Amino acid sequence: MKLIRQQFTVPFEYEVVFTDGLFDCGNPLFKEQVEAQSVRHDKKLYFVLDEGMYKKHPGLWERIRNYISTVTKSCQIVSDPLVIPGGEAAKNDNLHIKKILNAVDEYKIDRHSFIVVIGGGAVIDTAGYAAAVAHRGIRLIRIPTTVLAQNDAAIGVKNGMNAFGKKNFIGTFVPPYAVLNDFLFLKTLDDRDWRSGISEAVKVALIKDSTFFRELEESAALLVDRDMKAMKKLIYRCAELHLEHIANSGDPFEMGSSRPLDFGHWSAHKLEQLTEYEIRHGEAVAIGIALDTVYSSLKGLISQINMERVLSLFKECGFHLYVPELENKIDKEHHPESIFQGLEEFREHLGGKLTIMLLQDIGTGIEVNQVDTKLYREAVQTLKSYEAQPVRQVSENEI
Numbered sequence: 000m001k002l003i004r005q006q007f008t009v010p011f012e013y014e015v016v017f018t019d020g021l022f023d024c025g026n027p028l029f030k031e032q033v034e035a036q037s038v039r040h041d042k043k044l045y046f047v048l049d050e051g052m053y054k055k056h057p058g059l060w061e062r063i064r065n066y067i068s069t070v071t072k073s074c075q076i077v078s079d080p081l082v083i084p085g086g087e088a089a090k091n092d093n094l095h096i097k098k099i100l101n102a103v104d105e106y107k108i109d110r111h112s113f114i115v116v117i118g119g120g121a122v123i124d125t126a127g128y129a130a131a132v133a134h135r136g137i138r139l140i141r142i143p144t145t146v147l148a149q150n151d152a153a154i155g156v157k158n159g160m161n162a163f164g165k166k167n168f169i170g171t172f173v174p175p176y177a178v179l180n181d182f183l184f185l186k187t188l189d190d191r192d193w194r195s196g197i198s199e200a201v202k203v204a205l206i207k208d209s210t211f212f213r214e215l216e217e218s219a220a221l222l223v224d225r226d227m228k229a230m231k232k233l234i235y236r237c238a239e240l241h242l243e244h245i246a247n248s249g250d251p252f253e254m255g256s257s258r259p260l261d262f263g264h265w266s267a268h269k270l271e272q273l274t275e276y277e278i279r280h281g282e283a284v285a286i287g288i289a290l291d292t293v294y295s296s297l298k299g300l301i302s303q304i305n306m307e308r309v310l311s312l313f314k315e316c317g318f319h320l321y322v323p324e325l326e327n328k329i330d331k332e333h334h335p336e337s338i339f340q341g342l343e344e345f346r347e348h349l350g351g352k353l354t355i356m357l358l359q360d361i362g363t364g365i366e367v368n369q370v371d372t373k374l375y376r377e378a379v380q381t382l383k384s385y386e387a388q389p390v391r392q393v394s395e396n397e398i
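Numbering that gives the first Met the number 0 puts the sequence shown at residues 0 to 398.
Do not take every clue at face value.
Dumping the calculated DSS-like pairs for lysine-lysine here, alpha-carbon to alpha-carbon at most 27 Å [claimed, not checked]:
| # | residue 1 | residue 2 |
| --- | --- | --- |
| 1 | Lys328 | Lys165 |
| 2 | Lys157 | Lys352 |
| 3 | Lys228 | Lys298 |
| 4 | Lys165 | Lys55 |
| 5 | Lys98 | Lys1 |
| 6 | Lys328 | Lys373 |
Keep in mind that the hints were calculated from the coordinates and are not lab data. All of these numbers come straight from a predicted model, not from anything done at the bench.
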């Protein structure tokens with residue numbers, strides 16, 4: 000037998016930057032990003048825009064064109080932007096991928112040029128997948144425009160499309176060239192999209208940072224009132240914790256069977272599908288986190304008072320904690336419309352054995368490899384009952 004064992008390490012580095020007014024001509028950030036690490040002066044830019052965002056920002060394309068022609072003279076925009084639907088509609092139709100790939104071919108966009116995507120997480124996922132497979136990788140600049148995209152979906156290394164009725168069935172692990180967060184885009188979000196990203200902050204606080212969770216409790220009223228200072232703080236700390244995990248967990252491309260940052264997501268992804276994506280990803284994540292938190296309490300892993308803190312925070316922020324789809328075929332675990340089918344789909348997505356995150360304490364997660372579906376049914380009923388109750392503040396003396 001002859002054997003050659005190949006091993007090499009490739010370092011990845013990209014910046015996640017926070018700013019206001021990215022395409023104001025006095026802001027050098029975009030110029031600095033596209034002109035870094037290259038001496039070429041003929042780089043091409045192809046823009047993909049989220050339709051919902053684009054409609055709320057009249058004049059955006061004119062500002063971008065003016066910025067590129069005035070400030071970023073080493074680049075040229077190759078065409079009008081491709082505008083695609085936002086939300087899961089972007090990830091459910093591979094026609095958008097074909098349009099981006101056609102543009103790469105038509106305009107001779109090479110690996111030293113850029114695809115620039117501006118929008119929510121689903122549009123960023125779509126453009127990111129196309130950028131990853133065109134020429135085996137074109138430089139991608141992500142400009143997320145929702146809370147959830149700025150603090151979670153757009154800052155990592157994943158791109159994905161939905162297929163076969165499953166979330167992110169098709170996808171790649173490819174780090175972006177840069178992530179440029181412009182807080183001004185958040186001002187035009189509707190209340191649902193403003194709120195949705197809060198759930199990902201609650202998630203990462205629950206499994207990694209009890210101090211951050213306490214800060215979220217204290218700032219809940221401000222967040223509901225759309226206080227920008229409070230939201231900027233939430234986004235930055237949430238993004239920081241996510242990036243720390245990606246860099247330091249030892250498994251950035253998810254080669255194992257563990258995915259701690261998907262706490263609450265096994266049921267959330269299934270709920271999105273069961274509701275035909277009527278609920279936002281962040282809304283489904285809030286329900287999924289609440290479900291796993293109640294289950295953790297029923298298992299004796301966390302106290303009831305800490306469970307109530309989690310549920311109270313979500314309710315104070317305006318989330319619903321129950322939808323009827325939680326009870327679809329709940330007694331038939333392997334039925335495709337049962338929430339429990341999400342467990343198998345989650346295991347299949349990662350491979351190996353089922354591994355999900357539960358709560359051992361506020362700020363501390365614990366991974367388990369098997370679950371008690373009877374207790375989960377009880378957890379669903381708890382959420383159903385809790386949904387009908389008014390918001391209850393947990394006092395300091397109770398904690």
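These are the hints, each one checked on the structure:
no.: 1; hint: Lys328 <-> Lys165; verdict: holds (18 Å)
no.: 2; hint: Lys157 <-> Lys352; verdict: holds (22 Å)
no.: 3; hint: Lys228 <-> Lys298; verdict: violated (38 Å)
no.: 4; hint: Lys165 <-> Lys55; verdict: violated (30 Å)
no.: 5; hint: Lys98 <-> Lys1; verdict: violated (46 Å)
no.: 6; hint: Lys328 <-> Lys373; verdict: holds (13 Å)
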